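Assemble the whole structure, with the sequences as input and the hints as a guide.
Residue numbers (this note's numbering): 24 to 424.
Calculated from the structure, these hints are not laboratory results. Bear in mind the structure is a predicted one, so any value in this text is a computation, not a measurement. C-beta atoms are modelled at their ideal positions from N, C-alpha and C, and glycine is treated no differently. Be a bit skeptical, because a hint or two may be false.
As the list claims (entries may be wrong) - Beta-carbon label-pair distances, calculated as ranges:
#1 M202 - Q105: 39 to 47 Å
#2 F194 - A380: 33 to 41 Å
#3 S336 - G119: 18 to 26 Å
#4 D86 - A339: 35 to 43 Å
#5 A357 - G387: 16 to 24 Å
#6 D60 - D333: 44 to 52 Å
#7 P299 - R253: 40 to 48 Å
#8 D311 - T63: 40 to 48 Å
#9 R381 - E50: 19 to 27 Å
#10 W53 - Q105: 24 to 32 Å
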Amino acid sequence: MAPTRDHLLARGPLATRANAFLGKAWERGWLPPPALDPDTLWALAAKPYGARAEAAEHGGRSDDDVADFRERLTRLIAAAAQEADLNPLGRAMAWGQLSRVVKNRLAFGALWLERPELLETPLAPPIIVIGHMRSGTTRIHTLLAADPAFSHTRYCDAYHPVPARLGMNRFKAALELVMLGALNPWMQSIHPMAASGVEEELAWLSAALHHSIYESQWHIPAYSAWSEARDPAPVYREFARILRTDAAIRSVADKPRVLKVPAFAEDLTTLLSLFPDARLVIAHRAHDAVLRSAVSLAANQMAIQSDSCDLASIEARWRHKIALREARMAEALADWQGPIARLTFEDLNADWEGAIARCYADLGITLTGSALLAMHNVMAASEAGQHHAHAAQLARFAGAD
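This is the structure in structure tokens:
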């Protein structure tokens, strides 16, 4: 049973012990501290490829996309070093994340050199769920993903996207979730995850070093500001390459993929240029409720990796994100002529079945009996889900204010 989360910046006991151990191990020379710099990460990832490393880096990608990733990596690592004030555990976790990103970058490039047809995989028009983090997008995504007529991304494919044999991606994902759950006992209450469960595609954006996943873990305002102002097209081209590869490998390209990442709202114009035949589902929730929940999620992630987290800075960052995403979403939708359904958090709470029925009607899709039955099973299973604990945490924190 998870300990009581008595503060937004609470840290689990194992994370505290691991942080202390790593600090002592590096200080006394028992272990070498991870070298968090671009050249070392590239050298480590490139070693298995030898003379083929440069070809793998460019596999399936334009020179502009290759250059964009290189610059992002350099700037992100600099921001982590100069602004994030990572503790030993945070530094180790940052090294783990970024080393895997670079390794996967080369692995995908090598795969696309060998199998370029993967990049030409035709996709059924996707259904894209758009909305702020904590606005009900996860519930909408999970319900739509239950429809057997659609496809969805699994956690194991999101966070271990390079195809592997014998179900190793699923095994790695399951082990990873056990380890993360031990370090962060409140993780599953804030965002429930399972190795084979429905998952958003945030990790595919982070694979091209979009700022969204990193700014929710680290205080990196310089990188966030630079990335927000930069053309996100290279990031989304990589996203589309991974999506086509996943759809081909799993033989689901003919089914509409239900996609969901809160950062889509920030880059909706770019996303829709890649998927002009998409259907959109827009989630709405009062901004003050979104803000409280988003701050809780970010604080939970950041407290593990830094000893100097500041709640005022976290709240300011997410106020900014909400305003930025609202403005960019409105701009993108102003000229959009495709199908749109709009669902409110309150409607989903009051009558999710009626809300989903209206959603299907607005999208021009038939809601079948098998889809509805599958959704009922999802909702029944969620009744005992750990996510209810997060609502209790937020209520307790509000009462403390």
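Here's how the hints hold up against the structure:
| no. | hint | verdict |
| --- | --- | --- |
| 1 | M202 - Q105: 39 to 47 Å | 28 Å, violated |
| 2 | F194 - A380: 33 to 41 Å | 39 Å, holds |
| 3 | S336 - G119: 18 to 26 Å | 25 Å, holds |
| 4 | D86 - A339: 35 to 43 Å | 37 Å, holds |
| 5 | A357 - G387: 16 to 24 Å | 21 Å, holds |
| 6 | D60 - D333: 44 to 52 Å | 26 Å, violated |
| 7 | P299 - R253: 40 to 48 Å | 23 Å, violated |
| 8 | D311 - T63: 40 to 48 Å | 44 Å, holds |
| 9 | R381 - E50: 19 to 27 Å | 60 Å, violated |
| 10 | W53 - Q105: 24 to 32 Å | 27 Å, holds |
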